[in-house]
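Same order as they appear, the protein sequences are chains A and B.
Okay, so the first sequence: first residue is 1 according to this note's numbering, each after it adds one.
Okay, so the second sequence: first residue is 156 according to this note's numbering, each after it adds one.
If you're looking for bench data, these hints aren't it; they were derived computationally from the structure.
Model, not experiment: these values are computed from the prediction.
For every residue, glycine included, the Cβ atom is placed at its ideal position computed from N, Cα and C.
One should not assume that every hint holds.
Said to hold, decoys possible - Label pairs and their computed distance ranges (CB to CB):
hint : chain 1 : residue 1 : chain 2 : residue 2 : range
1    : B       : 171       : A       : 75        : 29 to 39 Å
2    : A       : 54        : B       : 245       : 41 to 51 Å
3    : A       : 88        : B       : 182       : 17 to 27 Å
4    : B       : 236       : A       : 74        : 27 to 37 Å
5    : B       : 178       : A       : 53        : 13 to 23 Å
Claimed, not checked - With a straight-line cut-off of 25 Å between C-alpha atoms, the simulated DMTMM-like cross-links for lysine to aspartate or glutamate are:
hint : chain 1 : residue 1 : chain 2 : residue 2
6    : A       : 67        : B       : 186
7    : B       : 238       : A       : 71
8    : A       : 67        : B       : 199
What the hints assert, rightly or not - Partial pick of chain B residues on the chain A-facing surface, computed with a CB cut under 8 Å:
hint : residue
9    : 220
10   : 265
11   : 274
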Amino acid sequence: MAKSVTQDAPAREHSTTSRHSTYGATARPRGGFELFSWYFFRISGVIMIFLVIIHLVVMHLTNDVSKTVYDFVANRYANPFWRVFDLLLLTLALLHGLNGLRIAIDDYIRPRGWRLLAHSAVWTFALTFWLMGMMTIITFHPGTAGITNLFGLLK
Amino acid sequence: MYRGQSGMFSWLFHRISGLGILLFLLLHIVDITLLGFGPTVYNDSIAIFSTWYIRIASLFLIAAVLYHAYNGVRIILVDFWPKGGVKYQRAMFYTVLVVTVASWVPFAVFIVAPIFGGCLQSGGCQ
Numbered sequence: 001m002a003k004s005v006t007q008d009a010p011a012r013e014h015s016t017t018s019r020h021s022t023y024g025a026t027a028r029p030r031g032g033f034e035l036f037s038w039y040f041f042r043i044s045g046v047i048m049i050f051l052v053i054i055h056l057v058v059m060h061l062t063n064d065v066s067k068t069v070y071d072f073v074a075n076r077y078a079n080p081f082w083r084v085f086d087l088l089l090l091t092l093a094l095l096h097g098l099n100g101l102r103i104a105i106d107d108y109i110r111p112r113g114w115r116l117l118a119h120s121a122v123w124t125f126a127l128t129f130w131l132m133g134m135m136t137i138i139t140f141h142p143g144t145a146g147i148t149n150l151f152g153l154l155k
Numbered sequence: 156m157y158r159g160q161s162g163m164f165s166w167l168f169h170r171i172s173g174l175g176i177l178l179f180l181l182l183h184i185v186d187i188t189l190l191g192f193g194p195t196v197y198n199d200s201i202a203i204f205s206t207w208y209i210r211i212a213s214l215f216l217i218a219a220v221l222y223h224a225y226n227g228v229r230i231i232l233v234d235f236w237p238k239g240g241v242k243y244q245r246a247m248f249y250t251v252l253v254v255t256v257a258s259w260v261p262f263a264v265f266i267v268a269p270i271f272g273g274c275l276q277s278g279g280c281q
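Bound conformation, chain B alone:
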């Protein structure tokens, strides 16, 4: 009933994405703290976020954030609407996956474009 089916994957993805996001959050607080050391230290340090490999890595982070957000909504729906929530839980899980991919694509395109010399952001790219 549970193992190997959508209920297990939605739970497993939720936990893995959550712990992954937490790891990045702690890292992100450390890099933000570097602001206190002045512009040279800060700009030199965060330059790593503009490299092609961290751009690719951030695609995974954004996928994790979007999935965790939408699946969280699904969990709340199941909590407060148990009848329909259980009945439609599989449909809701697939909806979560589709909406995750659909909203991830624009982020992916915008983030990856500068690797190939493009720039889609209105604020420009370095």
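Just chain A, with the same shape it has in the complex:
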């Protein structure tokens, strides 16, 4: 627990109390980043219903996971449509998921310092994992060494 009330970050507009009366939904924030975040969850969520279900059907119903090997990716990524598809899914899923983690952090971590640290970790993760995913989606080319090339440069 924090030492004093004044050091604690304020509870959010959409935090637990307002959630109770709306059955899992959260009251729409009045403005600023929280309003943007509120809309982003809903818009990215609706888009991802389609993207994720298509992703699951392709990876589990039309092809078995055991078939989704390097050559499978090579064939798939020969078509730029799937690169754009994965790029969109990666970006929306990461931001939707990590923004969700940020909301959870605000529910459980009150002291300002710890909350700042946790928020910093969230956005560091977002940038790091987004760059990792983007690097693969954009630069993957069968027959080239990819990342191992990078290590070649460092030698």
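Model the placement of chain B on the given structure of chain A, informed by the hints.
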């Protein structure tokens, strides 16, 4: 009114499924990054996804994804249609559970079949 009732469970499942999916997403980005190390490294690494235990684990992941998606729709309905949303929220929660199970079953059957030597995918199994 709230504690121990459907409103709490829908919220709790939504949070747990969301954080679980996020954990897998981060892991999934790491395994996809292995593509950059060439076919041998990549194929050897992702072979784990074809084992019986990861197939069983992925059933939980798919259940979480489907629940989170449908419950998200329910949340949006409550947001933009407050009157009916509150009135029918319990019915909608049970609908979410039923649709989750109904759409999960085909995924479960297709994913588990190869453990027992079967294969239902048109693309075949290894």
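Hint by hint, here is what the structure shows:
Taken as a hint, the range 29 to 39 Å holds for the pair residue 171 of chain B and residue 75 of chain A, whose Cβ atoms sit roughly 36 Å apart. Taking the beta carbon of each, residue 54 of chain A and residue 245 of chain B are about 31 Å apart, not inside 41 to 51 Å as hinted. About 20 Å separates the C-beta atoms of residue 88 of chain A and residue 182 of chain B, a value consistent with the hinted range of 17 to 27 Å. Checking the proposed 27 to 37 Å range against residue 236 of chain B and residue 74 of chain A shows it is violated: the Cβ atoms sit about 46 Å from each other.
Checked against the hint of 13 to 23 Å, the pair residue 178 of chain B and residue 53 of chain A passes, with Cβ atoms roughly 20 Å apart. A C-alpha spacing of about 15 Å is found between residue 67 of chain A and residue 186 of chain B, which places the hinted pair at or below 25 Å, so the restraint holds. The straight-line distance between the Cα atoms of residue 238 of chain B and residue 71 of chain A is roughly 52 Å, outside the 25 Å bound, and the hint therefore fails. Distance restraint check for residue 67 of chain A and residue 199 of chain B: the Cα-Cα separation of roughly 13 Å lies within the 25 Å cut-off, and the hinted pair is therefore satisfied.
Against a cut-off of 8 Å between C-beta atoms, the interface hint on residue 220 of chain B holds, since the closest Cβ of chain A lies about 6 Å away. For residue 265 of chain B, the suggested interface contact is upheld, since its CB lies about 5 Å from the closest CB of chain A, less than 8 Å. For residue 274 of chain B, the interface hint holds, since its Cβ comes within 8 Å of a Cβ in chain A; the closest pair sits about 7 Å apart.
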